[in-house]
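Peer 1: Next come the chains, spelled out residue by residue.
Protein chains: 2
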Amino acid sequence: MALNNPTPLGPWKITVYDQENFQGKRLEFTSACQNIMECSVDNIRSLKVECGAWAGYEHSSFCGQQFVLERGEYPHWESWSGSNAYHIERMMSFRPICSAVSFSPKSTQNHKESKMVLFERENFIGRQWEINDDYPSLQAMGWSNNEIGSMQVQSGAWVCYQFPGYRGYQYIMECDRHGGEYKHYREWGSHAQSFQVQSLRRIQQ
Amino acid sequence: MALNNPTPLGPWKITVYDQENFQGKRLEFTSACQNIMECSVDNIRSLKVECGAWAGYEHSSFCGQQFVLERGEYPHWESWSGSNAYHIERMMSFRPICSAVSFSPKSTQNHKESKMVLFERENFIGRQWEINDDYPSLQAMGWSNNEIGSMQVQSGAWVCYQFPGYRGYQYIMECDRHGGEYKHYREWGSHAQSFQVQSLRRIQQ
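Chains A and B supply the protein sequences, listed in that same order. Note that our numbering gives residue 97 to position 97 of the first sequence, counting from 1, and the numbers run on in steps of one. Note that our numbering gives residue 23 to position 23 of the second sequence, counting from 1, and the numbers run on in steps of one.
These aren't lab readings, by the way, just hints derived from the structure by calculation. Among these hints, one or two may not hold up.
Same chains, same names: a pair is fine if it fits in one copy or spans any two.
Stated by the list, open to error - Taking lysine to aspartate or glutamate pairs in the EDC-like style, the calculated list, with each CA pair at most 20 Å apart, reads:
| hint | residue 1 | residue 2 |
| --- | --- | --- |
| 1 | K112 | D133 |
| 2 | K183 | E147 |
| 3 | K115 | D134 |
| 4 | K112 | E28 |
| 5 | K13 | E181 |
| 6 | K25 | D134 |
| 7 | K115 | E28 |
Please model the complete structure; the sequences and the hints are all you need to start from.
Peer 2: Right under this line is the structure:
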């Protein structure tokens, strides 16, 4: 049957452009790209996610600032960074987030849930809290301060944010990376400079 | 009993500072502020939401860019704007979002739900979709394009975003304003320039 379909889409598809507003050179990907410069593109200036959830990175080889990219249109840097803390406007590599669970209506009880345990201190020490839902303000839900010490992702993929309301630096946490264990902010990504996390949510696709 | 408590907090509290990182002149509010300059402050450069959900505005009298502010710490402009589309770094007025519903664990069935109807075209015309949950990507959930024509908020308060993943311009929609009816993007706020909405979520407090 597959032979009858010359362009199978697969579960992931992203289209990137080397100019803003979906202009300039256009490239389609259905799997990871470790360095966009190897595709003769200096930088990505706009993109469309057509299928699946993706992680975008500031530098090649999936390093630097992280950006969760869900289905939709991103016409310029600010549309996916959500932060101008840096003024380096780059996205050099990206990959599918394979462990992101499927969107499911609430009435469906048989879908796979996202689960994570938050710990007050690094190395899985201190007060802990198991979560399986989105939290635009951790403090409003009873978490005592503006930091999380460590995290264990038991299923699915999550994105944590520096500020409330899903703003600031993003940290993508996945059950199938690091064994799902993030015991210090140094393991959250090379851009992480503190334990500050004030909102977090599941990544669904 | 209330007399025994000299500083009743009430359901809303926000502390604002005229310098970044919670420095400089400090003011506490438990209700709306129409013009921060009337409190002898030129501009707000950092803030802490201690109770409730608030709407912040770029200009006095609740005009210009809108920012939903939930419990937590916002040390500088980028931490609440989530956008650098403008380079005017201002927040001149703010008010409680009275219709935001309470956070409730999923197991509680008697909490008041947030409900909204999305319409494909302006003036409540075309395909419609009733929602009561958060949508980081409307397209991933089956909405056909990157625009919403009009909206009817039936209960609670919502924040709509220009881009997927809760990024870009924010539009705060409430059941107790405009009769909950937002029939054209011109009614979303003075900063709205198009029908583009790619993610939205409930405001809870």
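Peer 1: Among all the numbered hints in the text so far, which are the ones the structure does not match?
Peer 2: Going through the list in order, the structure violates hints 4, 5, 6, 7 and respects the others.
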